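Asks: One-letter residues, chain by chain:
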Amino acid sequence: MRAPPLALHVARAAALLWSAAVVLTASGSSLAQERTQAAPGPGDTQVVIKGTRVRPRVPPKDRSVAGSMIQGARLAAPGKKAAELLRGEPGVSVAETGGQGALATASIRGATSAQTPVYLAGVRLNDDVAGSADLSLIPLWLIQRVEVYRGHAPLEADQLGIGGAVFFEPKRPRKLEIGAGGQVGSFGSRGAWAWGSHGNDASGLLVGASWDRARNDYPYTDDRGTRFESSDDVGRRRTNADARTVEGWAVGTASTLGEGRVDVVINAVSREQGLPGLALIPTQAARARSSRVLGAVSASVPCDDRASCLVRMTSSALLAGSTLLDPLRELGLSATRADLYGRRVDQSASVRVDLGDSVTLVPSLRASVERLLVDADGAASVRASRGVSRGAMAGEWRASRRWTFRALGSGECQGTSLGGLSLCSRVSGAGRAGAELSLGALSLLGNVGHYERVPTLAELYGLAGAVRGNSSLTPEQGNTGELGARVSWGGHGAVNGAYADVFAFARTAADLIAWRRSAAGYVRPYNVSSARVLGVELLASAGFGGFLDVELSATMLDPRDTSGSRTVQNDILPFRSRLTASPSARLHTDAWAGAGVDEASLEARYTHQSSRYADSAGLVVIAAQGSLDLESSVTTLDKHLTVRARLSDALDQARYDIIGYPLLGRTWFGAMELSW
Amino acid sequence: MVGKRARMLASIPNRARAAGSTDIAPMMQSRTRAGAYAQKLLRIALPWAVRLMAAATWLACNVPEPDAASGGVHLPATACGRGVVILESDYASTNVALASFDGAVVSGSFISSGSRHPGLSMALSGDVVTPRERPLSGSVVLLDRYPNAVVTWVDPESAIVQAQLSVATGFASNPHDYIELGDGRAYVSRYETNPAPGREAWDDGGDLLIVNLAPAAIEGRIALSRPDDGVLLPRPDRMLRAGGHVWVLLQRFDASFSRAGDARIAGVDAARDRVDWVVDLPGVASCGGIELSASGARVAVVCSGTFGEGAAQSDRSGVVLLDATVSPPVETRRFDAAAVLGAPLAPAVGFLDDNHVLGVAYGDLVAGRADNLYAIDLVSGAIEQVHAAGQAFVLGDIRCSAACGGPCLVADAELGGLWSWRLDGGAALQSAALPVSDAVGLPPRGLGGF
Chain U
1 MRAPPLALHV
11 ARAAALLWSA
21 AVVLTASGSS
31 LAQERTQAAP
41 GPGDTQVVIK
51 GTRVRPRVPP
61 KDRSVAGSMI
71 QGARLAAPGK
81 KAAELLRGEP
91 GVSVAETGGQ
101 GALATASIRG
111 ATSAQTPVYL
121 AGVRLNDDVA
131 GSADLSLIPL
141 WLIQRVEVYR
151 GHAPLEADQL
161 GIGGAVFFEP
171 KRPRKLEIGA
181 GGQVGSFGSR
191 GAWAWGSHGN
201 DASGLLVGAS
211 WDRARNDYPY
221 TDDRGTRFES
231 SDDVGRRRTN
241 ADARTVEGWA
251 VGTASTLGEG
261 RVDVVINAVS
271 REQGLPGLAL
281 IPTQAARARS
291 SRVLGAVSAS
301 VPCDDRASCL
311 VRMTSSALLA
321 GSTLLDPLRE
331 LGLSATRADL
341 YGRRVDQSAS
351 VRVDLGDSVT
361 LVPSLRASVE
371 RLLVDADGAA
381 SVRASRGVSR
391 GAMAGEWRAS
401 RRWTFRALGS
411 GECQGTSLGG
421 LSLCSRVSGA
431 GRAGAELSLG
441 ALSLLGNVGH
451 YERVPTLAEL
461 YGLAGAVRGN
471 SSLTPEQGNT
481 GELGARVSWG
491 GHGAVNGAYA
501 DVFAFARTAA
511 DLIAWRRSAA
521 GYVRPYNVSS
531 ARVLGVELLA
541 SAGFGGFLDV
551 ELSATMLDPR
561 DTSGSRTVQN
571 DILPFRSRLT
581 ASPSARLHTD
591 AWAGAGVDEA
601 SLEARYTHQS
611 SRYADSAGLV
621 VIAAQGSLDL
631 ESSVTTLDKH
641 LTVRARLSDA
651 LDQARYDIIG
661 YPLLGRTWFG
671 AMELSW
Chain E
1001 MVGKRARMLA
1011 SIPNRARAAG
1021 STDIAPMMQS
1031 RTRAGAYAQK
1041 LLRIALPWAV
1051 RLMAAATWLA
1061 CNVPEPDAAS
1071 GGVHLPATAC
1081 GRGVVILESD
1091 YASTNVALAS
1101 FDGAVVSGSF
1111 ISSGSRHPGL
1121 SMALSGDVVT
1131 PRERPLSGSV
1141 VLLDRYPNAV
1151 VTWVDPESAI
1161 VQAQLSVATG
1171 FASNPHDYIE
1181 LGDGRAYVSR
1191 YETNPAPGRE
1201 AWDDGGDLLI
1211 VNLAPAAIEG
1221 RIALSRPDDG
1231 VLLPRPDRML
1241 RAGGHVWVLL
1251 QRFDASFSRA
1261 GDARIAGVDA
1271 ARDRVDWVVD
1281 LPGVASCGGI
1291 ELSASGARVA
1301 VVCSGTFGEG
1311 AAQSDRSGVV
1321 LLDATVSPPV
1331 ETRRFDAAAV
1341 LGAPLAPAVG
1351 FLDDNHVLGV
1361 AYGDLVAGRA
1371 DNLYAIDLVS
1381 GAIEQVHAAG
1391 QAFVLGDIRC
1401 SAACGGPCLV
1411 ADAELGGLWS
1421 WRLDGGAALQ
1431 SAALPVSDAV
1441 GLPPRGLGGF
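First to last, the sequence lines map onto chains U and E. If you count by this note's numbering, then the first sequence holds residues 1 to 676, one letter each, in order. If you count by this note's numbering, then the second sequence holds residues 1001 to 1450, one letter each, in order.
Calculated from the structure, these hints are not laboratory results. Predicted model only: the values in this text are computed from it and were never measured. Mixed in with the good hints there might be a few duds.
Unchecked claim - Each pair of labels, with its calculated beta carbon distance range:
#	chain 1	residue 1	chain 2	residue 2	range
1	U	L421	E	G1368	26 to 32 Å
2	E	P1435	U	T562	19 to 25 Å
3	E	A1433	U	Q569	17 to 23 Å
4	E	A1311	U	V427	34 to 40 Å
5	E	E1219	U	R289	39 to 45 Å
6	E	P1282	U	D558	57 to 63 Å
7	U	A624	E	E1331	55 to 61 Å
8	E	Q1385	U	V427	42 to 48 Å
9	U	L421	E	G1310	25 to 31 Å
10	E	A1311	U	Q347	39 to 45 Å
11	E	E1331	U	A380	31 to 37 Å
12	E	G1310	U	V427	30 to 36 Å
13	U	A380	E	Q1385	31 to 37 Å
What the hints assert, rightly or not - Some chain U residues flagged as far from chain E (calculated, every beta-carbon gap over 10 Å):
#	residue
14	Q144
15	R390
16	G481
We treat Cβ as the ideally placed atom computed from N, Cα and C, and that holds for glycine.
Build out the structure end to end from the sequences listed, making use of the hints.
Replies: Next up, the structure:
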């Protein structure tokens, strides 16, 4: 069946948006009038400005670099996966392989997912087996905000990686509150969660647990491998793709020693799922069990009374394990069972020192030890470990009212070994320098940096019979520079404010690790290639009339393979769209309180990705694709009850990121949450 | 005006407001200037940014489509067929070129992975081989092994795909070879055995699938497993016709490829679609190369040994010579080329003439050993390395047309071309490097006939 032309999709999307606008415009108009009225008062300074201003989405850990932040209602949309949330963010590329629970990875500015560290509650999730973080293991229900640092990672990251960093930060307890909710959706999606918190600005505790499952038996067209012969195409449903996940959170915070603070975060997740494999040859019995426990304790203590010095210490641990069961050998692992265990312990300490009004220094030390165990039937066990120690210094010099200069440098020592533990066998450096020119509402930013990525343990030592290591690999190296502007405007008349963030960047990478298949059938990594990526990123938003917010996120990439050994004519890097654009419109109102509706909103977001290659030779073109998502929420009973609905891929456009792994089409979700 | 001033005041931090009007005034002026800057910038820059983005979107959003195919060829028919099929691949995608027997490329991109947009699968995956034996129908036949498991027939003159047939039957059957029988049928050897059969017709695997050519359809199978297999699977690989039978090489690995039995050849009577005989080759394993001499009297079988055995792999690697004039065939001589060359042998093999065989020995990525090309004098037994490649796993298939006086062509991925080898009158080897078309630039690895 042929997909409808893009024009038809756009027309349908416009019709849906228009219908939504008609529903909310009447109340929105009255609200707008209310918000522009000056409240009666004794003088001008008593004027009350109501309404929501459009706020810049600048991530807080480091405002001097290109980045964006997601928070609020977008995180609460039912059935929304972390990968779906990041798709369309400036600079971010996402690769999904299926429905709920299916492997999904993210990468930034044309980097690889192994070059892009992903953090949950400050703990890096990228394992050292493949180097990638699985976004499907990041449930969003207790996440406060997502921070994306596109070119340069903040000091809080344990890897100052080539591909920036993504942080998922959990909610913090602020008040006495309990809540519970449930969710239903297409393809057997069900979920339930409950949480309770107690606390205030000084201290608090939040605990929560969630359960969800999905059959993921969504339809797709099976072309049976015969692309030249469409008469044998058949419609099928995904099989053996079900997933069940249980997750628990505990977040505690307490004030101590005056201005000091201690934070504790524990997250545990366990999943059992089918591994459906390629849809062309779906599996019947391949299953996986995975679990992960992470915990972090951080303490901040001021070292003087003037708050000009702050010591921060963080300890974290990550325990992760997964078992692959493949009794029918459908996954091509050459084993019927494989067990992978990883554990990492990390300790860091930093001191923030203000030297007068104009200079701030943050020296820091970090040390971590990671161990990896891989046992597979019929293959030699892998016992590998890595020790990393790092000294870093970040500095900021506010040279004048307009000019601020920042720098970050780090020296790192890594030791990787099979069997034993090597704490330091290789020294590397990373760093960046940047400047910011503030012209009131306008800021101009520029940064340059150099980074490295150490090969993963799998790249060095292999995994199983078919994946062989190469212990002579050297780290990937990357240089990046960016120039950007941020401008915000408070608004006037019916405009509630506007914000724009534009960055242009260039990145070169050398000694990139690529996998080569040998004629004998196994793969082995090499330092073979180099790449150059140029790009422009835009994030702009504006609010109108107090009831409509619009936003445009767009990324243009020019990713090129610059390897001297390249033989193919094509030099455009595969799996990277040269344009990703994500416009959205959100209608919201709190003018229906008289009718018992405290807040209501409707959001439409269309994410478009231009075509991309799926191979280095540039022969296989994944066509341009897009998805329209509709989200709505109604809060009532004095904001104690929230009902949410979401229609994902409303136009049912066929999509895939990796050939052979079709993604969910049109999918609906509904959720209800009660909090008190 | 009042409203604007009020909003400005509301946006001033409390501390500043508390400091009094004398401090507020310059701050307000500064804010006003900043706001004016911002508004001016938005007024000027935003329309240009929108125009720029729109233009860039229009010009550069999608990646260029691959170049159009170079089309079919008209080459004269000979006793050896019309020409040579060159498979270029990086194991991610595939381009197919056509060449004359002397290696001159006549169609640089006859068909490729880019000939159709992908859907659930690619038009051609990165794992495509051609039949060892030239199809009698005259079509260019491609076997898309994993994951597609598809046979594709292409008209060499028009480059139009005549038919496609999935031979997956519900599992990754991994077809390894195809041989036309001359009666409107063909056999397809399926390397994998289905661990959970019974859901579709003919879904057992580890067999020869009997395929009707017009219309393309599966009409039966010939099981190749034997009662004495134990944990070993038949894993049928390459085939040839000799002495009135279709010979099928059985690699006999277990499911995890950690164990391999002695190599075995099954002789199939194509008239009755049944196995008439089996011949075991004790002491050698993983035999993937089989070639018939121009006279039809000799068959050379090349065995690689078991990869999982490390250095001991070479112990079960070698070249076995069989007498094809008797049925079942009889082993006449064995050449321990792996021991002489210090490397296990790749399955590529060809007859330079009835008394000389050309083959490839594997390199080793870890040891830094490169592939090399060897020649065996079947009369004297002399084994000689005749060419060293630049690295491991770059030498691919060998395709000889000695029966028509043509050379042996050897695919070299590192060279990005072919080597042409032939014997001069005095049995001395001569070689020449031949470029292949750089239309796509994928390295040549496989060779077939049409």
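Asks: Determine for every hint whether it applies to the structure shown.
Replies: Comparing the hints with the structure gives:
The hint said 26 to 32 Å for the Cβ distance between L421 (chain U) and G1368 (chain E), and at roughly 29 Å that hint holds. Checked against the given bound of 19 to 25 Å, the beta carbons of P1435 (chain E) and T562 (chain U), roughly 24 Å apart, stay inside it. The beta-carbon spacing between A1433 (chain E) and Q569 (chain U), approximately 21 Å, falls within the hinted interval of 17 to 23 Å. Checking the proposed 34 to 40 Å range against A1311 (chain E) and V427 (chain U) shows it holds: the Cβ atoms sit about 36 Å from each other.
Between E1219 (chain E) and R289 (chain U) the beta carbon distance is about 43 Å. The supplied range of 39 to 45 Å therefore holds. Distance hint for P1282 (chain E) and D558 (chain U): a CB-CB separation of about 60 Å, consistent with the stated range 57 to 63 Å. Between A624 (chain U) and E1331 (chain E) the Cβ separation comes to about 59 Å, which falls inside the hinted range of 55 to 61 Å. Range check, Q1385 (chain E) to V427 (chain U): about 43 Å between beta-carbon atoms, so the 42 to 48 Å window is met.
Taking 25 to 31 Å as the suggested C-beta distance range, the pair L421 (chain U) and G1310 (chain E) conforms, at roughly 27 Å. Separated by about 44 Å at the C-beta atoms, A1311 (chain E) and Q347 (chain U) satisfy the suggested range of 39 to 45 Å. The beta-carbon spacing between E1331 (chain E) and A380 (chain U), approximately 36 Å, falls within the hinted interval of 31 to 37 Å. Range check, G1310 (chain E) to V427 (chain U): about 34 Å between beta-carbon atoms, so the 30 to 36 Å window is met.
A380 (chain U) and Q1385 (chain E) have their C-beta atoms about 32 Å apart, which keeps the hinted 31 to 37 Å range intact. Interface exclusion of Q144 (chain U) from chain E stands, the closest Cβ pair being 25 Å apart, more than 10 Å. With a least beta-carbon separation of about 32 Å from chain E, R390 (chain U) lies farther than 10 Å from that chain, consistent with its non-interface assignment. Interface exclusion of G481 (chain U) from chain E stands, the closest Cβ pair being 20 Å apart, more than 10 Å.
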